[in-house]
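Visitor: Spelled out, the chains give:
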Amino acid sequence: MSDQTATIAPPARMSPLVRTREIVLSSPLVTVGTIILVLVVLSAIFAAWIVPHDPVRLTPSQRLKPPSETYWLGTDAFGRDLFSRIVYGGQISLVVGVAAAIVAVVAGLMLGLLAGYIRWIDAVLMRMVDGLMAIPSILLAIAIVSLWGASLWTVLVAITIPEVPRVVRLVRSLVLSAREEPYVEAAIAAGSPTFLIMRRHLVPNTVAPLIIQGTYICASAILTEAILSFLGAGINPETPSWGNIMAEGRIYFQINPGIVLWPGLVVSVVILSINLLGDAVRDALDPRMAKRGLER
Amino acid sequence: MSLLDIRNLRIALDGVRDADVVKGLDLSIESGQTLCLVGESGSGKSLTALATMGLLPPVLKAIAGSITLKGENLLEASAARLRDLRATSMSMIFQEPMTALNPVARVGQQIEEVLEFHSDLSLSARRSRVKEMMEAVHLPDVDKMYASFPHQLSGGQRQRIMIAMALVMRPQLLIADEPTTALDVTTQAQILSLIRELREDQGAAVLFITHDMGVVSEIADDVTVLKLGEVMETQGVDDLLRRPQTDYTRALLRAVPSQVPRPPRDEQSDEVVLSTNALSKTYSGGGWFTKTREVRAAQDVSFSLPKGRTLGIVGESGSGKTTVARCIMRLIDPTSGTINVGGTDIAMLSQKDLKPQRKKIQIVFQDPMRSLNPRIEIGQSIIEGPLNYGTARDAAMARARELLELVGLPASAVDRFPHQFSGGQRQRIAIARALAMDPDVLVADEAVSALDVSVQAQVLDLLAELQERFGLGILFITHDLGVASQICDDVLVMQNGRVVEYGPAGQVLGSPRQDYTKTLIKAAPGRHWDFANFRPFAEAAE
Chain S
27 MSDQTATIAP PARMSPLVRT REIVLSSPLV TVGTIILVLV VLSAIFAAWI VPHDPVRLTP
87 SQRLKPPSET YWLGTDAFGR DLFSRIVYGG QISLVVGVAA AIVAVVAGLM LGLLAGYIRW
147 IDAVLMRMVD GLMAIPSILL AIAIVSLWGA SLWTVLVAIT IPEVPRVVRL VRSLVLSARE
207 EPYVEAAIAA GSPTFLIMRR HLVPNTVAPL IIQGTYICAS AILTEAILSF LGAGINPETP
267 SWGNIMAEGR IYFQINPGIV LWPGLVVSVV ILSINLLGDA VRDALDPRMA KRGLER
Chain Z
4 MSLLDIRNLR IALDGVRDAD VVKGLDLSIE SGQTLCLVGE SGSGKSLTAL ATMGLLPPVL
64 KAIAGSITLK GENLLEASAA RLRDLRATSM SMIFQEPMTA LNPVARVGQQ IEEVLEFHSD
124 LSLSARRSRV KEMMEAVHLP DVDKMYASFP HQLSGGQRQR IMIAMALVMR PQLLIADEPT
184 TALDVTTQAQ ILSLIRELRE DQGAAVLFIT HDMGVVSEIA DDVTVLKLGE VMETQGVDDL
244 LRRPQTDYTR ALLRAVPSQV PRPPRDEQSD EVVLSTNALS KTYSGGGWFT KTREVRAAQD
304 VSFSLPKGRT LGIVGESGSG KTTVARCIMR LIDPTSGTIN VGGTDIAMLS QKDLKPQRKK
364 IQIVFQDPMR SLNPRIEIGQ SIIEGPLNYG TARDAAMARA RELLELVGLP ASAVDRFPHQ
424 FSGGQRQRIA IARALAMDPD VLVADEAVSA LDVSVQAQVL DLLAELQERF GLGILFITHD
484 LGVASQICDD VLVMQNGRVV EYGPAGQVLG SPRQDYTKTL IKAAPGRHWD FANFRPFAEA
544 AE
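Protein chains in written order, with the numbering used here: chain S, 27 to 322; chain Z, 4 to 545.
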């Protein structure tokens with residue numbers, strides 16, 4: 027009868043470590059995906075110690091060799107070791123993927139907060155976002171790269187900019203629904219400044235969806251970088267990246283198809299792994315899934 | 004033999020031992036009778052209904068007992084058989100008529116669909132049957148209504164459509180799960196009389212689920228009281244209201260707010276803490292290129308609230324009472340008029356000039372689940388306001404602990420999270436948060452409407468006690484006339500954004516002058532019963 031005497035449930039909080047373990051072990055596919063990702067990341071970081079050959083050294087006598095004990099995945103048209111190039115290519119791809127995800131999420135979060143909370147900014151900003159979204163992202167990226175010339179930085183900018191509008195829209199919609207919550211109105215009534223309301227009451231609502239969105243952006247940025255490089259609009263062809271290797275191997279496909287297929291396989295598997303991990307994080311952070319244990 | 008007979012029904016979480024949510028329930032209903040299933044949240048009343056319909060969510064299972072409809076055990080029936088029975092022998096109406104209808108299909112076709120699947124009638128025969136049914140539930144202009152979409156209808160009309168859909172196959176059993184809880188009192192009165200009428204015309208049995216004793220007194224033949232999955236007692240409605248057998252039922256009845264206004268208190272103070280003059284809010288929608296209809300959500304609302312008194316704003320949905328509250332809190336900007344808080348007109352102040360004034364006036368919201376940020380400890384929620392006004396963190400936290408004890412919670416609760424509390428407890432925390440600012444005025448926007456009646460009574464007592472102690476002026480917004488008559492000194496009745504009647508509670512609710520106020524009072528369910536004293540008012544007067 028009395029709500030005063032009703033027992034107050036004991037605190038139930040999971041440590042981040044336990045949480046991560048639970049996500050990784052949530053299904054065998056996610057576990058495999060995580061292991062692959064960890065291996066790819068480690069091999070990219072420690073590339074210098076892993077690779078058997080210098081990835082840019084030309085050995086014209088060894089052009090287009092099939093896989094052998096010296097050249098594990100064969101060589102390309104300039105006699106460079108394919109395996110070493112793929113391992114080094116991972117550096118570029120992962121840097122681009124992670125950097126694009128972080129920059130797009132942070133920029134999108136700022137703009138989305140402003141758009142969702144301040145009305146006149148919303149009207150202006152969302153029309154700009156609409157305009158940006160009307161242009162296909164690859165075309166936009168190619169335009170940016172050809173405007174400023176190819177380098178790692180311009181490629182990064184070119185890949186990140188088309189991703190930002192999606193984040194802005196996501197954050198804006200989350201903020202629009204969160205600001206109607208009575209606890210936000212209570213904070214307004216308590217005289218809290220706008221900045222505090224955003225930081226304490228609005229941003230935490232966006233964290234889970236943004237982590238998930240971030241993993242998808244990471245995967246899509248890796249793919250976009252590969253496409254740009256493949257089209258010749260990417261970074262300097264000398265620097266190995268997965269897209270560059272495939273672009274160069276395209277004309278030799280009939281002689282040594284491995285030059286295209288191996289990096290292609292790596293790109294596919296990495297993107298699949300990131301997406302699987304993203305799905306697992308989404309399932310774990312979805313409040314409807316999380317609530318199940320608490321209700322009863 | 005009874006039409007519906009439930010014996011020793013047990014429902015439990017699938018695969019969990021000793022997690023029964025319904026514990027050995029027995030009930031039976033005869034044709035042409037209405038059985039009310041009454042209980043507070045968590046009593047298992049809706050689950051019993053869902054089990055009967057074969058619609059239990061997958062995590063719950065009926066693990067023992069029987070549900071017999073016309074001699075057939077429904078717990079053993081196949082899914083296909085249940086689907087067949089659901090339209091033809093039993094049907095159900097739900098609390099929220101908006102979500103129960105398909106928003107993109109015409110309502111007439113939605114009713115017709117039932118006939119299409121469960122009868123061999125031709126299209127024209129189905130149409131005329133649907134229209135007959137729509138007339139039977141007293142929908143106006145049936146031909147036009149047939150082709151309407153759900154969003155074009157009012158809440159009451161949508162609920163009538165749901166009832167028409169439920170009854171079109173003439174089932175012998177109608178299950179109504181809180182069918183009037185989301186409706187206004189006047190609409191509620193119409194729907195209740197409609198259900199009574201249809202029960203007599205069609206001779207159906209009605210299993211009526213509600214938490215509202217007023218509704219029970221209006222519609223029930225028999226009543227079964229449930230508490231945490233167990234039947235407390237089953238009696239005829241008159242016997243139950245006059246001679247409840249268990250302490251639980253007695254407590255439940257005592258907690259029902261009486262419709263008779265409380266005796267007026269002496270005027271304690273002439274000091275006005277909050278007043279408005281001709282406060283208006285007009286929504287003129289539309290963007291740069293379009294202009295939509297103006298909506299006058301509040302017009303010329305004037306009142307004054309002295310220190311230590313309670314002013315109730317009552318009205319149905321859309322009457323503008325919440326708009327007034329939100330204007331006063333400056334959560335929305337009023338279009339014109341003045342809002343005087345402790346001598347300062349805050350109606351048109353800029354956000355910057357407003358900040359020092361905000362302290363004086365605080366609000367408690369309706370929904371206890373959403374009024375606290377689920378991600379931060381309640382202590383942090385309580386001290387947020389004081390910190391904004393320069394109180395030191397330690398001092399604010401010490402005050403938060405005091406306040407929690409004041410509202411009847413342990414001081415140690417400061418570092419718990421909102422989900423660890425029940426609805427009533429959270430409402431107490433929200434009150435503590437409001438008090439942390441030492442306000443002169445507390446706005447309670449339907450603050451007890453989402454609570455069970457026993458918890459509601461406790462929160463009302465708490466508010467009265469705090470008012471006594473701090474001399475708070477309380478602006479109490481409610482749709483429930485019973486609650487208003489228990490707590491308010493003055494009452495202001497609103498309709499369509501306008502003030503209809505304003506005066507001392509005893510006068511407005513006791514001898515209303517305006518027709519609208521009279522209609523409201525007449526529509527309030529259970530107004531003839533003095534639940535707390537177990538007798539009708541008519542007998543008390545003799």
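FYI, nobody ran anything at the bench for these hints, they're computed from the structure. Even for Gly, the Cβ is constructed at its ideal location relative to N, Cα and C. Fair warning: there could be bad hints in the mix.
[Unchecked claim] In silico contact screen, one side only, chain Z against chain S (beta carbon under 10 Å); selected entries:
1. Q365
2. V503
3. G506
[Stated by the list, open to error] Reference listing, derived: stretches of chain Z covered by chain S, where coverage requires no fewer than 3 residues with Cβ under 8 Å from a Cβ of chain S:
4. 206 to 217
5. 368 to 377
6. 381 to 389
[Stated by the list, open to error] In silico negatives: residues of chain Z with every beta carbon more than 10 Å from chain S:
7. F120
8. E233
9. G239
10. V275
11. R436
12. H482
13. R516
Visitor: Determine for every hint whether it applies to the structure shown.
Guide: Going down the list of hints, with the structure as the test:
Given the 10 Å rule on beta carbons, the hint for Z/Q365 holds: about 6 Å separates it from the nearest Cβ of chain S. Against a cut-off of 10 Å between C-beta atoms, the interface hint on Z/V503 is violated, since the closest Cβ of chain S lies about 27 Å away. The criterion of a C-beta within 10 Å of any C-beta in chain S is not met by Z/G506, whose closest approach is roughly 29 Å, and the hint is violated. By the rule of at least three residues with a Cβ nearer than 8 Å to a Cβ of chain S, the coverage given for the region 206 to 217 of chain Z is violated, with 0 such residues.
Interface restraint, the region 368 to 377 of chain Z with chain S: holds (7 residues with C-beta to C-beta distance below 8 Å; minimum three). Coverage of the region 381 to 389 of chain Z by chain S holds in this model, with 3 residues showing a Cβ closer than 8 Å to a Cβ of that chain against a need of three. Distance check for Z/F120 against chain S: the nearest CB is about 31 Å away, which clears 10 Å, and the non-interface claim stands. With a closest Cβ-Cβ approach of about 14 Å to chain S, Z/E233 is found to remain outside the 10 Å limit, as its non-interface label requires.
Distance to chain S confirms Z/G239 as a non-interface residue, since its nearest Cβ pair spans about 25 Å, more than 10 Å. Every Cβ of chain S is farther than 10 Å from the Cβ of Z/V275; the closest lies at roughly 21 Å, confirming the non-interface assignment. Here Z/R436 does not stay apart from chain S, with its beta-carbon only about 7 Å from theirs, under the 10 Å limit. Separation of Z/H482 from chain S is adequate, the least Cβ-Cβ distance of about 17 Å exceeding the 10 Å criterion.
Chain S leaves Z/R516 outside its interface by the beta-carbon criterion, the shortest separation being 35 Å against a cut-off of 10 Å.
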